[in-house]
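The listed protein sequences derive, respectively, from chains A and B.
Counted from 1, the first sequence has number 262 at position 262 by my numbering; the numbering is strictly sequential.
Counted from 1, the second sequence has number 181 at position 181 by my numbering; the numbering is strictly sequential.
Please keep in mind that the hints were generated in silico from the structure rather than gathered at the bench.
Errors might be hidden in some of the hints.
The list makes no distinction among identical chains, and a pair is therefore deemed to hold if it is satisfied within one copy or across any two copies.
Said to hold, decoys possible - Derived lysine-lysine pairs resembling DSS-like cross-links, with alpha carbons at most 25 Å apart:
#, residue 1, residue 2
1, K171, K87
2, K203, K87
3, K171, K92
4, K87, K182
5, K251, K92
6, K164, K182
The structure presented is a predicted model; accordingly, all values stated were derived computationally and were not measured.
Protein chains: 2
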Amino acid sequence: MNRKLLFWMMLSFANTRLISAWTSRQRKNAAGLLCLAASLRTTTSHCAPTIPEEWLEYDHYNGVTISLNQSMNDFATALQNSLQQWKHEGRKGIWLQIPEAHAAHVGSAVAAGFRFHLVQQNTLILSAWLPSFDDPTAISRLPAGPTHQVGVGCLVFHPDDSSKMLVVQEKTGPAAAWSLWKMPTGLTDAGEDIHAAAERELKEETGLTAACRGILQFRQAHPTQLKDNSKRVYRTHSDLFFVCVLQLLEKEIVLEACPDEIAAIQWMSVEDYCRQERWQSSPVYQEMNRVIQEAQLSHMMQPYTLELGFGRGTNALYHSRPPQSQL
Amino acid sequence: MNRKLLFWMMLSFANTRLISAWTSRQRKNAAGLLCLAASLRTTTSHCAPTIPEEWLEYDHYNGVTISLNQSMNDFATALQNSLQQWKHEGRKGIWLQIPEAHAAHVGSAVAAGFRFHLVQQNTLILSAWLPSFDDPTAISRLPAGPTHQVGVGCLVFHPDDSSKMLVVQEKTGPAAAWSLWKMPTGLTDAGEDIHAAAERELKEETGLTAACRGILQFRQAHPTQLKDNSKRVYRTHSDLFFVCVLQLLEKEIVLEACPDEIAAIQWMSVEDYCRQERWQSSPVYQEMNRVIQEAQLSHMMQPYTLELGFGRGTNALYHSRPPQSQL
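My request is simple: use the sequences and hints to build the entire structure.
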């Protein structure tokens, strides 16, 4: 595996800028030569159109990113010329960012050899692995896009009776059809930490303010189920589901079901929750329920938010060691 | 949050098929009426083109998925007509799947009001939230695409001396520039469990066969670093990095560095590993290194692979309770 982690990419950004500045100068020289070569060939002084330099950014994996932020009449020709030039220079991975406003250019990009890669911030990112243009067996080393959605379940034991847990019935979806009592659940928002998502979801669905004390367990699921009986390809990504234990911060507990999503809300004995018929046929849920019944703080990975240090911002870290201050 | 988990979507698929069969009949009646209305208006017998019924699949969230698997001359008109009809029927989320072969239609789709949503299996998935066509404040309830890549680090203690761990130096990337000794790392492949990815990566980078005994800790990182100083939008997804502890299954240990990726490989004292200069400025890495130094099996979440039961396939489950058989 030569695809390296996003983390390293982020750290390496400072380096990239230096290399960009250098390669940018080299590129201008190369563009001049191409222009000269073209004018010699055609005996006119008109240069073959290429992608404008100010749309480009170079990376230290020998790649180029094109940001298509305005329309261009001869985009298809310019793209093909630039690809030829980059192949000649020995470049490898080319990224092309097309925002929705310029979606009409997507066809030309695919015709030039680009593949759909991912969508982010309403922008379609295409990629071309230049070595595979001449050698179809050359495998792209460009990192794949994101593969997982991340969900949370909120496990809240009653502060005065830990044999009871908070459960909801949903208004729509399969759990509603089964009248299943379940933990409040939801997906993390973009850029949101797991423990923060659990606190937000609990607040949204039940009105309760709580602090996430730890992750009790988590489940990874891949959607093999859709493959052979559906025309649909969307939502075929994997799912990580974290069971978070939260401690209420309210002095007085008032349950307020979210009117859009939650049909009913109550405290239920953990035993009754686990005995629900729906779980009985599922080894995964039986095991998850056993872990819930035996839950203790010492079994959990607690969340810590720490400065990255050699880059901006913080990371969330989850582990089950006591904090150093308590040792 | 009304966006529900992938898991529920997969479970609900059987229901969807039943509803599809029913709505499909209703739709044919509706299409007939539209055709009749069109013929009355235009006083010709030619029907307004709509998206062919056999390209459609209905879901029980009141949505429609269009699979564009062949080219269509009047696609732009047909799409607009179908959208009008679905709006009239009170439908909400419309998905449109465009494979690379039909990339030329992407422009028409965006012009008709579709947004880029995600890319999967080399297919661009666009979406349109019909309620927002008339009311721009209506917020889409369609689930976002995947948000995270999942990486693993392989922590292998020497079988005869647990004060030593296996480390590598990489050939390329920032860690190489810093001459950093690090755990073998990599990204999970599509559909691959975390513990399986750790075993595969270790094998690929070092030649060693091992079994993943547990997850010691994990880190969640969001790429705030790229936002304000780069034109690039790609790779702005989040990262989950799991530190996996592996136990060697080899009788005789022979270290074989992967020639493409690994420059050097050795056993190193955990203390020396943690003392490397690069970590000193990073609170995140200092804490991760402390947890590595104190690693014990009881601190880990062990992997279990279990049948889902009420659906096909297995899930991976991670928790730190002893298996039931050992209680």
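Tested hints:
no., hint, verdict
1, K171 x K87, "between (55 Å within a copy, 23 Å between copies)"
2, K203 x K87, "neither (54 Å within a copy, 33 Å between copies)"
3, K171 x K92, "between (50 Å within a copy, 17 Å between copies)"
4, K87 x K182, "neither (55 Å within a copy, 33 Å between copies)"
5, K251 x K92, "neither (60 Å within a copy, 41 Å between copies)"
6, K164 x K182, "within (13 Å within a copy, 45 Å between copies)"
Violated hints, listed in ascending order, are 2, 4 and 5; each of the other numbered hints is respected by the structure.
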